[in-house]
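If you want the building blocks of each chain, they are given just below.
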Amino acid sequence: MNALIAVPLQSTTTTSQPFANVEIPTLLLSGIVWVPTIVALALLLFPDRTDAHRARLRSVALTAVGLVAALGVLMWYGFRDQGATFAYEEKRNWMQALGTSYHLGVDGVSMPVLLLSTILFLTAVLASYRVRDRVKEYFFFLLLLETGVNGVLSSLDYLLFFLFWGMQLVPAFFLIGTWGGGPRRLQVAWKYLAFGLVSSGLLLLAILVTAARAPSHTFDIPTLHDAHLPVAVATLAFFLFLGAFALQLPVFPLHTGFVDAQSEAPAPVAAVLAGVVTKLGAYGLIRVNLGEFQDVLHKFRVPLLALALLTIIWPAVAALRQDDLRRLIGYVVVSRLGFLVLATVSAQPVAVNGGVVLMVADGLSAGALIYLAASLIERTNTRSVRAMGGLASRMPRGAVLWIFAALASIGLPGLAGFVGQFLVFLGAYSADRKATTIALLGVLLTAGVLVWTIQRLFFGPLPESLGSVRDLGSLELSYTITLVSLIFLIGIIPGFMLLDNVNFGVLTLLTRGTG
Amino acid sequence: MPLTALLAAAAKGPLDTWSPTFFSGWTLFLPLIALLLIVTFTIDSRRASAWISVFFALVAFAGAVVLLAIELRHPAYKEHTLTFLQFFTGQSGVASEFTLQWGFLADPLAAAMLLMVTGVSLFTQVYALGYLRREDGVVRFYLSASFMTFSMSGVVLSTSYGELYFFWALTSVATFVLVGHWWQRDAAARAARKVLLVTQVGDIGLLAGIIYIFFRFHDLGFQALRSQYAGGKVGQNGLLIMSLLVFAGVVGKAAQLPLHTWAPDSAEAPAPAAALIHGAAMAATGVYLLARTYPLFIASPRALTVVAVVGGVTAVAAALWALAEDNLKRLIAYATISEIGLAVLAFGAGAFSASVFQAFAHGWSKALLFLGAGIIVRELRTESIAEMGGLWRRMRTTGVLMLIGAAAAAGIPPLSGFVSKDAILSQLLSQPNAAVTAVVMVVTFLSGLYMFRMFFSVFAGPTVRRRRFEPERIRDPGGRIRTGMVALAVFAAAVGLFDLVRAGPEFVRFVTFPGQKSGHAASLIGSVLTSLAALLGLAVALLVYGLRALPASRISGRVPFVPRALSRAFYLGDAYRWGTENAVLRAGQVADWVDRVVIDGAVDRVGGGVAGMTGPFRWAPSPRIPQLALGAFAGLLLLGILAGAVLGHLKL
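Chains as they are written, first to last, in this note's numbering: chain A, 1298 to 1812; chain B, 199 to 850.
Since the hints were made in silico from the structure, they are not lab data.
Heads up, some of the hints might be wrong.
[Said to hold, decoys possible] Restraint-style ranges between C-beta atoms, simulated for each label pair:
| # | chain 1 | residue 1 | chain 2 | residue 2 | range |
| --- | --- | --- | --- | --- | --- |
| 1 | A | D1768 | B | E779 | 41 to 49 Å |
| 2 | B | R500 | A | E1761 | 33 to 41 Å |
| 3 | A | R1767 | B | V504 | 34 to 42 Å |
| 4 | B | G676 | A | Y1374 | 29 to 37 Å |
| 5 | B | Q714 | A | D1768 | 51 to 59 Å |
| 6 | B | R794 | A | T1679 | 38 to 46 Å |
| 7 | A | V1599 | B | A422 | 33 to 41 Å |
| 8 | A | I1789 | B | R762 | 44 to 52 Å |
| 9 | B | V796 | A | I1789 | 50 to 58 Å |
| 10 | B | R383 | A | V1697 | 38 to 46 Å |
[Claimed, not checked] According to the in silico footprint, chain B covers these stretches of chain A (three or more CB under 8 Å from chain B):
| # | region |
| --- | --- |
| 11 | 1571–1579 |
| 12 | 1616–1625 |
| 13 | 1740–1746 |
| 14 | 1753–1762 |
From the three backbone atoms N, C-alpha and C, an ideal C-beta is built for every residue, glycine too.
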């Protein structure tokens, strides 16, 4: 495994020949980012006229995401807090005139989310067996989406970051608009794209402002983190970044487009969107708004906390009245994202550690809930929670898995959500007591929504129309059980699974921001 | 018990060979091992699953007995801790390192509670071997019972607030699963939801308290915090907040006012599940948490007053509700709330050991009553005590066992309930407080009254004739059902013996609270008052319900409003339901409307405006052209490069 141990290459900046220093380990991150795109392009050459063709397309896509997930796990295995800031760092010359470079690297904050992304995309391809038309294009866009997401998580250069940001937006638009379930899918896709374009625009503006005003002419994220910006510029850049990431998260009141997308998108896409694409916003908040502009963050703490609380409480309240199962889950996902904002704004090491765990935990449980909801909807031919009931007798396995995923979402001890939530609360409390107390009430609301939903979906008498519903098949079990067992493992041994390697990155990030 | 004596003799050796924490650790994990074994190997076999669960419960019970024997010889606080999470925070001072620990402890309090938890669990599971034989979901019951035992043992053996919360929330979920056992019934499904939501309110309070404690002390370990509360680090108001938040958890889990509404509904659970919840869980979590964190409460006298008031009000109110309740299982559930309320009151008034004793002694009799009620309900196919009666002739064994259970719960001498109530009164008399003493007396009287109202209504008088019901077919249970109940009856009768004769391992001298007075005040007045109150209750019940010399209908007919209010539990549950439906759900409606109409409307308006400027997107997603995506990608790339080039050129 020696080849996999992350050795940061500090001397790469001196190269004049772009590929002089390439060793195998340094290509790992590039692999995790670009393998999906390469396979996506290759997919375009395959035919998709017959069922056999489609099966082949599916297995090629599965191989790609499987390979990426294996890379992710291996990298996590080799990933250690080694005293250097970034692991698996790659830096190559690229458009030097602009002050930009192809700079990739991960630390304790981004690596767990990257791992989550690879796992969620693996499950998403597995869960895509329901897609029957235009299979080739579907997997093409799904793989492009993975490149975009992984690229955002691993880029250490703002321009690169921006490019990947755009790359995760466009495929999502096509996936929702084309393979979405309902008649409103076009409208919803456009709305999603509009939100995303505004987000990209703000992001580009923010990057340009930051880079232009920095003492050294560069887009390099670590370099800019250390740079001192004039207060006015820093404040402007902070709010531009905040706007971009808040749209991506989304925070209240920008969440309606996301919730619509949740109800219209095909289930695997919805799971990826809720599980990891939203986390890009949270990651951006932590990486940039907290890592670079911590002083500004402190200055505007109170309104930001209010934003976090609104994002926690409002969607949880609105979720109470949702009858569409997928919309309901969408609202719960948004509510949970508020805790990430809370963790970021508190700027406490314990809370940010918790935030990283919470990103992974909520990503896993949101994915599991959405997959299971899709299975329920497919079998019952309805999205209405009211029309379901008593399903535990017909699908005991589905009920058990759903209950675990739901309990993970409300922070039951022993499951992943608890560790993150507990750390966020412990840390955030020392930053702001009132806000944390109100956030606790948000947990209560989410618990109310999810427990009530459990009862309405699975308990009580079985309606006659649902008499012939079948339990989950082995394929559905494979990916939902994967997610639920990860939720379990992180909940029981969080140190070994995640946290041991997170803290160093968090501390470095926090100390840089103040420097 | 010869076994205990033998083990106590063996434990005379050095402590490291008979490490108490070794036994507590094993006892904790045995139910979990049973659970994992069942899930892995015997999920399809009812018989094997049940026997695995019972066997491990038996071993756990033996472990608890050994632990108790060791603690009798070496009554010291021991703990074995392991690290759950640890990292540096980069700050200075006490906050430089963040550590969450877990482990298991051994001290007399934990040993006593563990014995009760594992014992009640074992005997209810033995009972369930027979009771659930013809039911669906046997495996599910044993899984949930093992899970419940595991989480309750975890609460009892926790070494820190963090770990305690971990297991605390697990007991909430275990209760949810047990109450929802017959989830096909709408009532059970609703009751299960209510359990989880109402206890969650208390749990969140406890969590807030734990966060606050961590914030002020930077530590969560019970042992480390013990001396710190009163150290002046935190002011009186801070301590009050801490203890009230911790108490919120107790209120939720021990079903004290105002979070009591889940407990009567939880009678929807099958009899052994209800016995486990009401006998073991409510006491082992609620009162135990108070006892474990008593240094915190001592440091805040105002909090103790609140505890006493809440406990007292709950004890009286629930006793009154039990008096008016017609449903047999709900009646026993109200009795539980009242008995636990009495223990909470005793704690608040400063009778710590007696409070724990009350919770400990009550567990056995309450489990026994629930198991008996399960048999009666099954044989009579009704839960209404108005439709019962005359069972003494037909179900003699059940009758005797229920009589023991009722008498023990009511505090008839010399059974356990009498001894524990006597202990409370005796400890309270040494620090005279007329109000508290009066409340204890009233509750004791009421418990005698409602317990024997229940007993006489069910067993005395004629059997009520109903359609399609043949009294001749009613039979006493045999086999394992009887075994489980007899064992519980033995404990219900006998756990007070040592304290009664004031010799040997007396409970109130065994479970002590360092720094506090303990033991009996050896008050004859206390014993006399307790037995008088309980016997008076018995006498009134005999008069009204047994001999029917003064029929209840004649009394309740005279008073217009009160009986109805009592049977609706003062309309509190209705008020909550009204509040939820009209406030919370209405708020949800408003939020949903704002989202759809106001926010989304605004977004659409803006989007429509922009779209109007740019013309219709005719080419909108036509997925046959992935080139479009490439085009969009290239466009973004170009945009980025251009912007960068311009900026670089301008040298902004």
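Checking each numbered hint in turn, tell me which of them this model violates, lowest number first.
1, 2, 3, 4, 6, 9, 10, 11
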